[in-house]
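Chemist: The whole structure should be built from the sequences, with the hints applied where relevant.
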Amino acid sequence: MRAGPKLALATITLLSAWGIATVHWYQQEEREALHKGVIRDEELYKLKVEQFRKAAQHQGGSN
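The opening residue of the sequence shown carries number 52 in my numbering; numbering runs sequentially from there.
These are calculated hints, taken from the structure and not from any lab test.
Mixed in with the good hints there might be a few duds.
Mimicking DMTMM-like on lysine to aspartate or glutamate, the simulated pairs with C-alpha atoms at most 25 Å apart in a straight line are [stated by the list, open to error]:
1. K105 to E94
2. K87 to E101
3. K99 to E80
4. K97 to E83
5. K105 to E93
What follows is a set of in silico ranges between Cβ atoms, one per label pair, in the way DEER data are often shown [said to hold, decoys possible]:
6. F103 to I63: 56 to 66 Å
7. L65 to V100: 48 to 58 Å
8. G70 to Q108: 56 to 66 Å
9. Q110 to V89: 30 to 40 Å
C-beta: ideal position from N, C-alpha, C; glycine also.
Modeler: In structure tokens form, the structure reads like this:
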């Protein structure tokens, strides 16, 4: 096999591997960001439920 085709094959292989690794990295970053959003939403939901309970107890206690 001549050097030209070997070089082309090596270049294509390296670029493909680099592209796959880059996409995988971006997907991991996005997955982590989405998961942090879910955790934040759950914490906000718990705070709102607690505020609602306190408001309900306050209204019930003043009657």
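Chemist: Going back to the hint list, which numbers does this structure go against?
Modeler: 3
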